[in-house]
Amino acid sequence: MLKEADQEMREMAQDELQDLKVKKEEIEEKLKWMLIPRDPDDNKDVIMEIRSGTGGDEASIFAGDLFRMYTKYFDNKGWKYEIEYSNEGTAGGFNKVILEIYGEDVFGHLKFESGAHRVQRVPKTEAQGRVHTSAATVAVLPKFELEEINIRKEDLRVDTFRSSGAGGQHVNKTESGVRFTHLPTGIVAESTDGRSQHKNRDIALNRLAAKVNEAQREAVTSAYATHRKSLVGTGDRSDKIRTYNYPQNRVTDHRINLTLYNLDRIVLGDLDPVIDALKLAENTERLKEMSSEEVNN
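For the sequence shown, the positions run 1 to 297 when our numbering is used.
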């Protein structure tokens, strides 16, 4: 059509060509995002642990606030959850609470939440109106079944023992604590937090799986593992990932320098703006890696 003698026909063809070029670029961009490798654990259910950190009673209250924020988010997503263990703080909230969350793509949404969460606000116990800083930590583990884990049964030693922690007479009279040892690596994981030996086996096994899988991943893909840690943190409790500033109604995610002034909505479970931004940041970095690999090849 561009070679037609009719000028009007040529102009129509030129306009259509420009539109098609734009559509082609849009489709190519979508295809790039669709080709990004998906984390195989994204569709797994999750074990989440929330624990109060520095800050005394205020830290326990904040851990309780995080618990409510997350459970409202779970409700928004239509996910189910169960509290497997809870130890309440003396002034409210929790010293520690463990949940199991079930639903669609749960780990894919929650995997960025592991780390230290910091709150800046005037505590209820503060008489002079001064802003205090407290912290709570979150650990998120994908929930594995033994047959899914790249660990041979003969490489595992399982020990049961009596819990020495709080829990009443039942815990002290029965061997409800469970410890797994991965013999080839010496990695150990245990749990005394569940309400039964069965639950403690489940929690300890998933803790072990996360540790062993991370060690295996680092050994095979150290470059990617190093990059991923730099982007979303290691999931270690010492990593400060997010600050919740109540006087300014501000939330800052330090890993991607994201600041939002809608803390009032986020604490009510509206976490998607933060989680979507983290997903976008990780996928953008993965896309860069894929492009650089193509250039090198």
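Treat the hints as calculated values from the structure; they're not laboratory data.
Hints are supplied without guarantee of correctness; some may be wrong.
[Unchecked claim] Here are the simulated PhoX-like cross-link-like pairs (lysine-lysine), alpha carbons at most 20 Å apart as the crow flies:
{"hint": "1", "residue 1": "LYS240", "residue 2": "LYS279"}
{"hint": "2", "residue 1": "LYS143", "residue 2": "LYS199"}
{"hint": "3", "residue 1": "LYS124", "residue 2": "LYS143"}
{"hint": "4", "residue 1": "LYS30", "residue 2": "LYS240"}
{"hint": "5", "residue 1": "LYS143", "residue 2": "LYS211"}
{"hint": "6", "residue 1": "LYS143", "residue 2": "LYS80"}
[Unchecked claim] Here are the simulated distance ranges between beta carbons:
{"hint": "7", "residue 1": "ALA91", "residue 2": "GLU154", "range": "40 to 50 Å"}
{"hint": "8", "residue 1": "ILE83", "residue 2": "GLN18", "range": "56 to 66 Å"}
{"hint": "9", "residue 1": "LEU268", "residue 2": "MET1", "range": "14 to 24 Å"}
{"hint": "10", "residue 1": "VAL122", "residue 2": "GLU29", "range": "39 to 49 Å"}
Idealized CB from N, CA, C, for every residue including glycine.
Evaluation of the provided hints:
Taking the CA atoms of LYS240 and LYS279, the gap is about 18 Å. The hint holds against a cut of 20 Å. Pair hint LYS143 plus LYS199 holds up; C-alpha atoms about 12 Å apart against a cutoff of 20 Å. For the suggested pair LYS124 and LYS143, the alpha carbons sit about 37 Å apart, so the restraint of at most 20 Å is broken. The straight-line distance between the Cα atoms of LYS30 and LYS240 is roughly 33 Å, outside the 20 Å bound, and the hint therefore fails.
At roughly 13 Å between alpha-carbon atoms, LYS143 and LYS211 fall within 20 Å of each other, so this suggested pair holds. For the proposed pair LYS143 and LYS80, the alpha carbon gap of about 14 Å is at most 20 Å, so the pair holds. Distance hint for ALA91 and GLU154: a CB-CB separation of about 48 Å, consistent with the stated range 40 to 50 Å. The hinted window of 56 to 66 Å between ILE83 and GLN18 holds, with their beta carbons roughly 58 Å apart.
A hinted range of 14 to 24 Å is violated for the C-beta pair LEU268 and MET1, which are about 56 Å apart. For the pair VAL122 and GLU29, the supplied restraint of 39 to 49 Å holds, since their beta-carbon distance comes to about 46 Å.
Checked against the numbered hints above, the structure breaks hints 3, 4, 9 and satisfies the rest.
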